[in-house]
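Undergrad: Residue strings, one per chain:
Protein chains: 4
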Amino acid sequence: MLDNLKQPLIDVQSHADARGIALHKVGVKNVEVPIYVLQKDGRTQMVAASITISVDLPAEQKGTHMSRFVIQLAEKSTSKAFCYNLRDFLRETQQRLKSNTAHIEMNFRYFIHKEAPVTKIPAPVAYQCSFGASLTGEEDYKFVLGLEMPIATLCPCSKAISDYGAHNQRAIIRAKLALDTQSDYEVLWLEDLVKAFDECASCPIFPVLKREDEKYVTERAYDNPKFVEDVIRECVAVLQTYPSVTGYELEVEALESIHGHNAWAYQQEGDVTI
Amino acid sequence: MLDNLKQPLIDVQSHADARGIALHKVGVKNVEVPIYVLQKDGRTQMVAASITISVDLPAEQKGTHMSRFVIQLAEKSTSKAFCYNLRDFLRETQQRLKSNTAHIEMNFRYFIHKEAPVTKIPAPVAYQCSFGASLTGEEDYKFVLGLEMPIATLCPCSKAISDYGAHNQRAIIRAKLALDTQSDYEVLWLEDLVKAFDECASCPIFPVLKREDEKYVTERAYDNPKFVEDVIRECVAVLQTYPSVTGYELEVEALESIHGHNAWAYQQEGDVTI
Amino acid sequence: MLDNLKQPLIDVQSHADARGIALHKVGVKNVEVPIYVLQKDGRTQMVAASITISVDLPAEQKGTHMSRFVIQLAEKSTSKAFCYNLRDFLRETQQRLKSNTAHIEMNFRYFIHKEAPVTKIPAPVAYQCSFGASLTGEEDYKFVLGLEMPIATLCPCSKAISDYGAHNQRAIIRAKLALDTQSDYEVLWLEDLVKAFDECASCPIFPVLKREDEKYVTERAYDNPKFVEDVIRECVAVLQTYPSVTGYELEVEALESIHGHNAWAYQQEGDVTI
Amino acid sequence: MLDNLKQPLIDVQSHADARGIALHKVGVKNVEVPIYVLQKDGRTQMVAASITISVDLPAEQKGTHMSRFVIQLAEKSTSKAFCYNLRDFLRETQQRLKSNTAHIEMNFRYFIHKEAPVTKIPAPVAYQCSFGASLTGEEDYKFVLGLEMPIATLCPCSKAISDYGAHNQRAIIRAKLALDTQSDYEVLWLEDLVKAFDECASCPIFPVLKREDEKYVTERAYDNPKFVEDVIRECVAVLQTYPSVTGYELEVEALESIHGHNAWAYQQEGDVTI
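Read top to bottom, the protein sequences are chains Z, D, B and S.
Under the working numbering, the first residue of the first sequence carries the number 1275, and numbering increases by one thereafter.
Under the working numbering, the first residue of the second sequence carries the number 1275, and numbering increases by one thereafter.
Under the working numbering, the first residue of the third sequence carries the number 1275, and numbering increases by one thereafter.
Under the working numbering, the first residue of the fourth sequence carries the number 1275, and numbering increases by one thereafter.
Hints are not guaranteed to be accurate.
Just so you know, same-sequence chains aren't split out, so a pair can sit in one copy or run between any two.
What the hints assert, rightly or not - In silico DSS-like links for lysine-lysine, alpha-carbon gap of 30 angstroms or less:
1) 1469 to 1394
2) 1469 to 1372
3) 1372 to 1314
4) 1314 to 1354
No wet-lab data here; the hints were simulated from the structure.
Make the full structure from the sequences, and use the hints.
TA: Next comes the structure, spelled out in structure tokens:
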């Protein structure tokens, strides 16, 4: 086997392909690496990311060289600045893979500390977040921010028709935001987005709630009944105040306490594909 | 290749194994076949089952013959009586695989019709159910029934401390019940188990709720506040009234509307392994 | 409470909304009902579907009436013709909900029988399938067919560079096909789509494989090495032969046996949103 | 509301319960916090853990005080020594909750660096790991280590009967190991367990494989054909060499490349419940 290795091994991926079909994205999915994410307070947080990275493939080439993606990730993802130089990273991906476009998507749990509303006891809450980016040629750069967060919703109909009580439940807001990468807008921090969307709920969720806090969230939810339709409209209104958001996809899904199925609302404006 | 096939192909699985380690269960997992389940009303319901089937393997044999499991399932699972002759099925599995024990577990969504509490509008609800069975030798037969069902819970603490409202949420009851297979007890119908556990909730869930129904379930939940501890204790009390239940594992998990994490209670008596 | 019920309960959903935001889709998600799917052989197969159904909501209305979706599904889904009259179903949804558009998506496991390649032993294989449809106004009707299927891929690079053997693995093809609903094309059967995509693999998967069959699939895969890039190009070529396909989204993901991550290829043409 | 808060809020959980049913475990599930795990090289790794923590509940008490679990976790989990003082942590849980037993289970992705077998290029691999522990009274302490890891298996039957090639696939080893907490054994490092189980595979998986490496793993797998039965027997043999392992539960599941279902082997010795 050693002798064998002294001769160059055949490069099948570089062979010609006769089918005449250029491919949009070829790459690797669910590569897991630790990465650093910058917090609003200026510190970095290490998270475990599941990453998809891909390039386009010209019609005349049989395959891409998949190990190069993982090697580049292993080399570059250890830098604290990795997530904030995705454009440079993708430029290098294009060069390593000899491609015209390159795409990356990173999914991770990100911790934000929240204080209980009355007792102010702090504890971390995990949010499912994502960074997606693509570069076509040298200039066409896109960036999409993703966030998935639990909230509470209390049903306005149930409150209005019942002599007492109102059904409420955990609900999930899912957002993908395409951000303007040309202009010089301020950073849209995940911390601020969570805070803004929390205000769209009947009540935010909290990690720690002592009795005083539980009384507060119970009454706050009852005072702010919201359908999924109400929540998504308020999230849309929030996004309309962000000049850097050029497109979005929004979903609100309530795990109804009275049904086995969920209530759902969906809104899309502009383009959030990378 | 055809010539080749005329000669018997080597049977590697039957080779001797020198490691001296007998194995408890070897087989196939997630074999999907349609099966018939008998409803309480005497009709049968076709469901899509995901099946695990296995046997023990003596220390001296290298491997089991896995295609035989799938062939037996394909042959026998089309019978309307299949689920109700699992003992005979496992006896045949022992014989086909030349084993001392045989185990099967089938997981499926099972539909039960429920009427809205006031308007009586009916619609199906899907429950995650399972049948597990094992046969050791000719006589030692075990059967375990599984059920996973959504309910609503309303927090007694939240109700007691708040001036109005009370947080509530979807919760899940998970049960595995080992049933006596020696005595001649009445069948424990999934329909009856769902009905009995529904009474342990702050309020059952329903597929259709018009406004009159929604008022009813809202007020019923508020009138019956229950912690997960309350729900599981009432489920335990239900099981204590079933003479055929020789062991159980119970879980109640509430998808708290005020937190991102869940409240949880767990109880086990006797043996529910197959 | 009974007196109360004699008076009409307030209809909060019909209240006015002042935020001026029309919503694209509001409805219910993961409603589970049994439905009938027509097989290519003319028989029907009952499957357990998880359904999302939604309508648009005008800016001036606070909420939609979600129970109406579930009632319509409970009433209509029991018909053997339900899946083949989705346009009429959605027209009725528009009318019941007083909306301009209506959308439905149904996800289910669908069984197709497959014979072992040499011994011809038959057994069922489950495929994840979906029907999606939307109707805007009276005329703008869209239909999207979804299929997710396991295949085997054998790596051309591994085969070319190794003295013996080649790594292979289970891979998944995921397809969404927008179908022309105006012209009078022949039905695109799931059975035929599975058969066509199976030919794009290094080797199809089978539920039962006796030794003669296992020899056949092993050698067939070794004789047909394919990257995910090869598989997706051949799937694209298949779709190009279907005149009724007006758009598609295709993914091939290989659960690489040599890595913990997956190889992945993605292609999209036209519009597959409903 | 403020006046209200000045008076003590009622403590419903401490109320008496008349049902006479003591509960085994009540607590919180899926609390997510970042924790530090000690690596074999002496450095610590921050991981995102999903935690279940519970206590027993006497028959005469209505409920437990769930916020105390989350507060204790928020206070203590930030210490680098947290995972290595679980006994003290659980002792404190007993005291805070006034319980006889306390249990904790933490699930997390843990990164281990692996070098390519020939080119020696290093990159991280993520493994699903868990720490479980319980304390009953002051002395009865249990600890269970969990690991889930991908490997490659190549089928001995397929190799033996085919003129060329052999089907292979990604497989998963799942292990729960009860460790002796009384004696003074050496630490069982996750790094060493992964290395030992990797030797039980047809070939380990690697994050980066250049062509020379891919040739190596292809031929190594072909030279080491293993059924799931072979892999699990070798894992059992590994565990038999660890004096600190007092019980285990082992599973090997192969995502067969030739089927849609999986091959599976299961073995249990001793007690791995906490």
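Undergrad: Work down the list of hints and note, for each, if the structure agrees.
TA: Now the hints, each set against the structure:
no., hint, in the structure
1, 1469 to 1394, "within (16 angstroms within a copy, 42 angstroms between copies)"
2, 1469 to 1372, "neither (42 angstroms within a copy, 35 angstroms between copies)"
3, 1372 to 1314, "neither (36 angstroms within a copy, 39 angstroms between copies)"
4, 1314 to 1354, "both (14 angstroms within a copy, 24 angstroms between copies)"
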